[in-house]
Every structure is written in C-alpha cells, then in structure tokens.
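Chains as they are written, first to last, in the working numbering: chain A, 22 to 137; chain B, 15 to 125.
Hints were generated in silico from the structure; no laboratory data involved. Among the clues, some could well be false.
Unchecked claim - On the chain B side, residues computed to face chain A include the following (Cβ under 8 Å):
#1 W21
#2 G30
#3 N46
#4 Y63
#5 S79
#6 L104
#7 Y114
#8 F116
#9 G117
Unchecked claim - A few chain B positions that, by computed beta-carbon distances, are all more than 10 Å from chain A:
#10 V26
#11 P32
#12 Q59
#13 V65
#14 I67
#15 S71
#16 S72
#17 S98
#18 T115
#19 T123
Heads up, the beta-carbon is just placed ideally off N, CA and C, and yes, glycines get one too.
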Amino acid sequence: SQQGEEDPQALSIQEGENATMNCSYKTSINNLQWYRQNSGRGLVHLILIRSNEREKHSGRLRVTLDTSKKSSSLLITASRAADTASYFCATALPLHGSSNTGKLIFGQGTTLQVKP
Amino acid sequence: SQTIHQWPATLVQPVGSPLSLECTVEGTSNPNLYWYRQAAGRGLQLLFYSVGIGQISSEVPQNLSASRPQDRQFILSSKKLLLSDSGFYLCAWSESRYGYTFGSGTRLTVV
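Just chain B, with the same shape it has in the complex (with noise of 0.2 Å):
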C-alpha cells in the first residue's frame, strides 16, 4: 500500500538553528513531491515541488531549500531559521494511478 511518512510531529529550534526535516514515501515509484507551508489560519503555500530525483523546484522565494537524494526521500532545510519559518508543514506525493496524499505534518515552532 502507499503510505506517508513525515517526522517529527513537532519541532521547537532557536532562532538561527538549522533545520532539517525528512518525508520518505513507500509503495510507488517516480512519485511527485511536494513540500507544503500552512501558517496559522490560513491556507497551503507550495514552497517547493520534485518531479525527479535531484530535481527542486521553488515555487517561492524563502530561507529554505529543499533536496531529493532519492527517489522516494525528500528533505527540507535551512542554514539559519528566522521567526517567520514557524508554521505548519506538509509533505505530500502525487502519482497518476494514486491522486495526492499527504503525511501527517510537522509542526515548526521558531523561538
């Protein structure tokens, strides 16, 4: 079956601490990825998507990045958090035969 797997739940990092945060899919292949961003009371902003292994796209201008070392691992970083990274944030795959689904999130907190 296809299962999604986002972690940790929760996360609390000082400002200026590096953040590193890990999606791994399982039962598809050359899925597409997605990393999500849901600040409080509002929608998702797609902040980066991957079509392919070692292919990120950006769909926004921020101080993270994104990495896809594999074809089912995608990763979220960044060198230094600022207050403005805190939120709600979603991984989530897409493959033609399975329509989109999406792991549980990981809730960012920056102090």
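Just chain A, same shape as in the assembly (with noise of 0.2 Å):
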C-alpha cells in the first residue's frame, strides 16, 4: 500500500483563501517533501521537511512536520488561480546497497482548484 495518504482529495477555494492538505505516512522517515502538478505535466518539487524539523517556510507555502503523529500539512496562503494543480507528499525511504538518496514513495494526492 503507498507510504503516504493525502485529505481531502480534492479540495476548492476562492482566490485569496488559504488552503491545507494533509498527508499521513506510515514508516519512518528521513525527510518528507511536497509536489506540484500541473494537470498532465510532470512534477515539480516545493519543499523539503527533514524528520528532525517542525515547520518550513517557502514564499507562501509552510509546511509541517509531526514525527508522533506521522503526519504532514501543507498550506498555501493567499491562493491564487494559478495555484490550481493536484499537490503530492512523499517520503523517501532507504535503498539497499546505496549510499545516494532513498526512493520517493507518492501519496495518491490532493486535487486543488482556486477559483478567480
């Protein structure tokens, strides 16, 4: 089963709205990070949390990290239209007979739609 899951699914807003999604892991962890996808593209990494961190801060994007819990939140503050995009969690887990960074395993995402 994925590593990561993701609430709410799907998620809509109005412009100028903050939005959180929330993303519960099982194992753990080294670091967590968040991606953006843009409908039929490819990803694009937003920031990276490490086990031993509480909070990030990245422009409009904070996230948080809770190791008890196993859990994560990513708010985006003062939405905009182009903040439309479905927003993935993923932790990296070790990889045997490597020394190099883990594999990313997905949570199934949440979908964001920011209305103008």
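Given two chains presented individually in distinct reference frames, assemble the corresponding complex, making use of the accompanying hints.
This is the structure:
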C-alpha cells in the first residue's frame, strides 16, 4: 500500500483564501517532500522538510511535520488561480546497496482548484 | 546544470506491440534512477529503480521491464503491451547533492 495518504482528495476554494492539505505516512522517514503537478505535466518539487524539523516556510508555502503522529500538512496562503494543481507528499525510504538518496513513495494527492 | 530528458511526450500503441521509453540524465554521475507510472487521477506508483549500471529493482509485478545500459540512461520496455499499461510514465533521478528531479513524462495510450 502507499506510504503516504493525503486528504482531502479534492479541495475547491476562492482566490485569496488559504488551502490546507494533509498527509499521513506509515514508516520512519528521513525527510518528507511536497510536489506539485499541473494537469498532465511533470512534477515540480516544492519543499522538503527533514525529520528533525517541525516547520518550514517557502514564500506562501508553510509545511509542518509531526513525526509522533506521522503526519504533515501543506498550507498555501493567499491562494491564486495559478495554484490550481495536484499536490503530492512523498517520503524517502532507504535503498539497499545505495548510500545515495532513497526511493520516493508518493501519496494519492490532493487536487486543488482555486476559483478566480 | 542537471537536466533530464524523457521522450516521447505522447505515444499511442496497439495492444500486443512492443514499447521502449528512454530517459537520459545530464550533469550528474552515478545517480539513482526511477520509473514511475501514474494512472488517471491517481498518485505515482514506483515501478523500477536502479542504483547503478545493470542494477534494476522491480517494485511491483507487471508486464514491463527496465534496463540501465549506461550510467545516465534508463529504459522502460515491454515485449507486448496490454491495455492496462496505459498511463503517464515519469522518469526521475536523485543524487545526494541535488535531491530529486523528474522528467516531463510520457503519456502512453494502449489501444
């Protein structure tokens, strides 16, 4: 089964409102990452939060991580129509035989629609 | 700079035909390489990963195979496509210094 599960599956808000998406995972992690995908396109990395961090900011994005609850949230403040996309959380699991980065396991994603 | 090339962008193939999708990476050496598939409206499922030349690990049983003939080349193949192979295929690479980078994807429709 998927390592990450997100909710809600879909979210529709008005421009200017805040959008919050949540992600839960199952195993211990080194870091958790959030990605954005515009319809039919590749993934864009948004932000990475390490397991020893509790909160991280990047522009209008705020990510929290609660390792005791194995959960993370992504907050987009003052949303814009251009924020309409699918958002995925992903956790990195170690790979045998590699000291490099681990393999990313993704959640099912949250589809965000921001209405102008 | 680090870049990833994935082609073609769109592919329509008949059932039973072979498949070969290629992904190449520039600007890094000995990266980890990955193939993901995304069904419509779903998340990304990891299909294969490779930690070195000739080293392939499969995450899920399926009709596909992968090969890494060169350090920065990753190929996804099938001898006979099934309808269920349709989807959006994404190649990615990762390396400690640079994190993860995804290609632009190939949308495969099996008809």
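Hint check:
Interface restraint check for W21 (chain B): the shortest CB-CB distance to chain A comes to about 13 Å, outside 8 Å, so the restraint is violated. The beta carbon of G30 (chain B) comes no nearer than 26 Å to any beta carbon in chain A, farther than 8 Å, and the hint placing it at the interface is violated. For N46 (chain B), the interface hint holds, the least distance from its beta-carbon to any beta-carbon of chain A being 5 Å, beneath 8 Å. Taking 8 Å as the C-beta contact cut-off toward chain A, the hint placing Y63 (chain B) at the interface holds, the least distance being around 5 Å.
Proximity of S79 (chain B) to chain A is violated relative to the hint, the smallest CB-CB distance being about 18 Å (cut-off 8 Å). Interface hint status for L104 (chain B): upheld, as the beta-carbon distance to the closest one in chain A is roughly 6 Å, under 8 Å. Taking 8 Å as the C-beta contact cut-off toward chain A, the hint placing Y114 (chain B) at the interface holds, the least distance being around 6 Å. Here the hint on F116 (chain B) is kept, as its CB sits about 4 Å from the closest CB of chain A, short of 8 Å.
Against a cut-off of 8 Å between C-beta atoms, the interface hint on G117 (chain B) holds, since the closest Cβ of chain A lies about 6 Å away. For V26 (chain B), the shortest C-beta to C-beta distance to chain A comes to about 15 Å, beyond the 10 Å cut-off, and the non-interface label holds. Every Cβ of chain A is farther than 10 Å from the Cβ of P32 (chain B); the closest lies at roughly 25 Å, confirming the non-interface assignment. The Cβ of Q59 (chain B) does not lie farther than 10 Å from every Cβ of chain A; its closest approach is about 8 Å, which violates its non-interface assignment.
Against chain A, the non-interface label of V65 (chain B) is violated: not every CB pair exceeds 10 Å, the least being about 4 Å. Against chain A, the non-interface label of I67 (chain B) holds: every CB pair exceeds 10 Å, the least being about 13 Å. For S71 (chain B), the shortest C-beta to C-beta distance to chain A comes to about 8 Å, within the 10 Å cut-off, and the non-interface label is violated. At roughly 12 Å, the least C-beta separation between S72 (chain B) and chain A is larger than 10 Å, which holds for a residue marked as non-interface.
With a cut of 10 Å on Cβ distances, S98 (chain B) stays outside the contact zone with chain A, its closest approach being about 18 Å. Distance check on T115 (chain B): its Cβ comes as close as 8 Å (rounded) to a Cβ of chain A, failing to clear the 10 Å threshold; non-interface status is violated. Taking the minimum C-beta to C-beta distance to chain A, about 12 Å, the non-interface status of T123 (chain B) holds against the 10 Å cut.
The structure shown violates the earlier hints numbered 1, 2, 5, 12, 13, 15, 18.
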